[in-house]
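**Student:** Residue numbers (numbering that gives the first Met the number 0), protein chains in the order written: chain Y, 0 to 332; chain R, 0 to 116; chain W, 0 to 153.
Source of the hints: derived by calculation from the structure; they are not laboratory data.
Virtual Cβ for every residue (Gly too), placed ideally from N, Cα, C.
Take these hints with a grain of salt, some might be off.
Taking lysine-lysine pairs in the DSSO-like style, the calculated list, with each CA pair at most 27 Å apart, reads [as the list claims (entries may be wrong)]:
| # | chain 1 | residue 1 | chain 2 | residue 2 |
| --- | --- | --- | --- | --- |
| 1 | Y | K300 | Y | K63 |
| 2 | W | K16 | Y | K248 |
| 3 | W | K51 | Y | K155 |
| 4 | Y | K294 | Y | K270 |
| 5 | W | K17 | Y | K246 |
| 6 | Y | K28 | Y | K270 |
| 7 | Y | K179 | Y | K294 |
| 8 | Y | K51 | R | K2 |
| 9 | Y | K72 | Y | K51 |
| 10 | W | K21 | Y | K155 |
| 11 | W | K3 | W | K16 |
| 12 | W | K3 | Y | K270 |
| 13 | Y | K51 | W | K83 |
| 14 | Y | K246 | Y | K187 |
| 15 | W | K26 | W | K3 |
| 16 | Y | K318 | W | K16 |
| 17 | W | K83 | Y | K155 |
Restraint-style ranges between C-beta atoms, simulated for each label pair [unchecked claim]:
| # | chain 1 | residue 1 | chain 2 | residue 2 | range |
| --- | --- | --- | --- | --- | --- |
| 18 | W | V80 | R | L26 | 23 to 33 Å |
| 19 | Y | N91 | W | P6 | 18 to 28 Å |
| 20 | Y | K294 | W | V80 | 36 to 46 Å |
| 21 | R | V23 | Y | I220 | 44 to 54 Å |
| 22 | W | K17 | Y | D223 | 46 to 56 Å |
| 23 | Y | N91 | R | L26 | 30 to 40 Å |
| 24 | R | T76 | W | K16 | 43 to 53 Å |
| 25 | W | L4 | R | K53 | 44 to 54 Å |
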Amino acid sequence: MVKGKQSFIFDAGVHILSASTVVGPFEGKGPLSDDFDIIHDDIWMNQGSFEKAEKIMLEEAALKTIEKAGIKKEDINLFISGDLLSQIISSNFAARTIGSPYIGIYSACSGSMESLLLAALIMEGNDIPYILTGTSSHNASAEKQFRYPTEYGSQKPPTAQWTVTGAGTCLLTKMFQGPKVVSATIGKIVDMGISDPFNMGSAMAPAAADTIYTHFQDMGITPDYYDIIATGDLGNVGHKICKDLLKDKGLEMPEHIFTDCGILIYGDNQKVQAGGSGCACSAVVTFGHFLNRMKRNEISKILIVATGALHSPLSYQQKESIPGIAHGVSIEM
Amino acid sequence: MDKFIWAFIIGGLICVIGQIMMDVFALTPAHTMSTLVVAGAILGGLSLYEPLIKFAGAGATVPISSFGNSLLKGAFTELEKDGPIGILTGIFELTSSGISSAIIFGFMASLIFKPKG
Amino acid sequence: MGKKLTPEQENYKDFSKKREPKRPVFKNCIKAFIVGGLICVLGQFFQTIYIKYFGFTEKTAASPTSATLIIISVLLTGLGVYDKIAQWAGAGTAVPITGFANTMASAAIEHRSEGYVLGVGGNMFKISGPVIVFGVFSAFIISIIKLVFNLFGG
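Bound conformation, chain Y alone (with noise of 0.2 Å):
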């Protein structure tokens, strides 16, 4: 059902039946290193390629969360995925080995939350037993891919952000309970003229702005609704302005409600700038992190706005800005 200008309730009843996380070395030492499934030992994982260690995450990720629900990867109907790496290779790699229909998205680092937004859209009106939704990102892939080789030596700002090693997938049916997703807005393109990839964190604020606000007009409703409101990956920057972009516009975000995937997945003893970034920020947060919490009964209400820079390595050069979106799912126990 269509609610308001950006979002929609789905009332059939749509579940996450399961999920699962994998992560490389480096977030296995964070603080939420025991929510996550499987943590490699090093970022190759016996690639050849930080690529192709990537497909290797998003596939194992895939595989358990098929694992958990005690079914076949032939039952999946429909796998959802995206991920940063250009033609999104690790997804169509990934859903090869899957062998599912499949639907590939674009979204930067908000496909988490635009993956599973599609499938609840596609599954409320259908009679389709099992969708995959998912997400991936390799720390090494995309340094190489947007920014500069791994090993050279560019100093990065304290805006810049780690994108995260990992990938993040779950599970929806129709036909079980679970964690329920209730709602879902769909974000607008908002470009503020931020034009530095090193600052990514003030490119997307506006859009998480933007999306938080419009939810809540949508739904009518008001912050104090949820346990956890989550941007995907706005950091320490990023999240400081968003919420003072909301605030000027009327939304004071309570502090122990609104926080960011970003902030919570690395420790202060990691050297990470700003903060974590990549889809699979988000996916490994909300899939493994906050599942786990509302499974053990802590919170029940929370609403993930993921958040994505839609620039490319061209536009940037060809002097574009970045920009932003930001999709809010929101999950009820």
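Model the placement of chains R and W on the given structure of chain Y, informed by the hints.
**Tutor:** For chains R and W alone, kept in the frame of chain Y given last:
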């Protein structure tokens, strides 16, 4: 001994200029290095870089600006010797060792090392 | 340079700048000064050794000196250490010839997964290319200027 001191000071100062370009003017490392190379060539053309080398030794030859000066010096030397065609034949005369080493050892590195991330 | 911003975008630029951590320019300059200076001292050291013990002159010692620094830089890049030092030193490692070697070595190492011809060969000059192109072109222009100057009795 004071050759070392001046090498330290002048080399350090040229790096500070580079740091200011990156932090204050928000230039990328590639833009910064390119600017310094061109600056070295210009100073070489004005006969100002050689005195700096005499004074600061490695403090002037190690920074990338020296590369611009060497490119120019090579061109000028051949220009004097062979006329205008010397500009083309002389440019890489003095910088050959630097560029060749970087290519050769860079390639060898790709044979031996894997990126660590 | 870049696109023209709307007034709303200009406002946002100021808004976000106030909330961004500033680059520690002064601290970075001190670090760049120290490391850059030390690398040049190392260069001076090698140059002295080559002149004293290997029979090079002031003029000819420049080549082995730069080659030595390049080899060291390539080694540190391959061992995964150079980028850690560079995060601290900034321009202190980027401006000396070691920075140039690092751009070539890091690109070569990174792109091996795409093969030696297109990967390593095709990408080696990715970051160092501009330095060579602009160095050569500016040397060319300045030489032309000198040529014209000479012709008109300079």
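**Student:** Next, verify each hint and record whether it holds.
**Tutor:** Verification of the hints:
1. K300(Y) / K63(Y): Holds, because 25 Å separates the two Cα atoms, which is no more than 27 Å.
2. K16(W) / K248(Y): Since the Cα atoms of K16(W) and K248(Y) sit roughly 19 Å apart, the hinted pair holds (cutoff 27 Å).
3. K51(W) / K155(Y): Outside the cut-off at roughly 41 Å; violated.
4. K294(Y) / K270(Y): Given that 27 Å is the threshold and the Cα spacing comes to 31 Å, the pair is violated.
5. K17(W) / K246(Y): Holds - the C-alpha atoms of K246(Y) and K17(W) are around 16 Å apart, at most 27 Å.
6. K28(Y) / K270(Y): holds, 12 Å
7. K179(Y) / K294(Y): This hinted pair holds, its Cα atoms lying about 12 Å apart.
8. K51(Y) / K2(R): Violated - the C-alpha atoms of K2(R) and K51(Y) are around 51 Å apart, more than 27 Å.
9. K72(Y) / K51(Y): holds, 21 Å
10. K21(W) / K155(Y): holds, 12 Å
11. K3(W) / K16(W): Given pair K3(W), K16(W) holds - Cα atoms ~18 Å apart, limit 27 Å.
12. K3(W) / K270(Y): violated, 35 Å
13. K51(Y) / K83(W): holds, 25 Å
14. K246(Y) / K187(Y): The given pair, whose Cα atoms are some 20 Å apart, holds under the 27 Å limit.
15. K26(W) / K3(W): Not OK: K26(W) and K3(W) at ~32 Å, beyond 27 Å, violated.
16. K318(Y) / K16(W): Holds. K318(Y) to K16(W) sits at ~20 Å (cutoff 27 Å).
17. K83(W) / K155(Y): holds, 11 Å
18. V80(W) / L26(R): 23 to 33 Å: holds, 25 Å
19. N91(Y) / P6(W): 18 to 28 Å: violated, 43 Å
20. K294(Y) / V80(W): 36 to 46 Å: 43 Å Cβ-Cβ, so the 36 to 46 Å window holds.
21. V23(R) / I220(Y): 44 to 54 Å: Check passed, 46 Å falls within 44 to 54 Å.
22. K17(W) / D223(Y): 46 to 56 Å: Cβ of K17(W) to Cβ of D223(Y): about 28 Å, so the range 46 to 56 Å is violated.
23. N91(Y) / L26(R): 30 to 40 Å: Taking Cβ atoms as reference, N91(Y) and L26(R) lie about 37 Å apart, which means the hint holds.
24. T76(R) / K16(W): 43 to 53 Å: Holds, at about 49 Å.
25. L4(W) / K53(R): 44 to 54 Å: holds, 48 Å
Consistency note: the structure conflicts with the earlier hints numbered 3, 4, 8, 12, 15, 19, 22.
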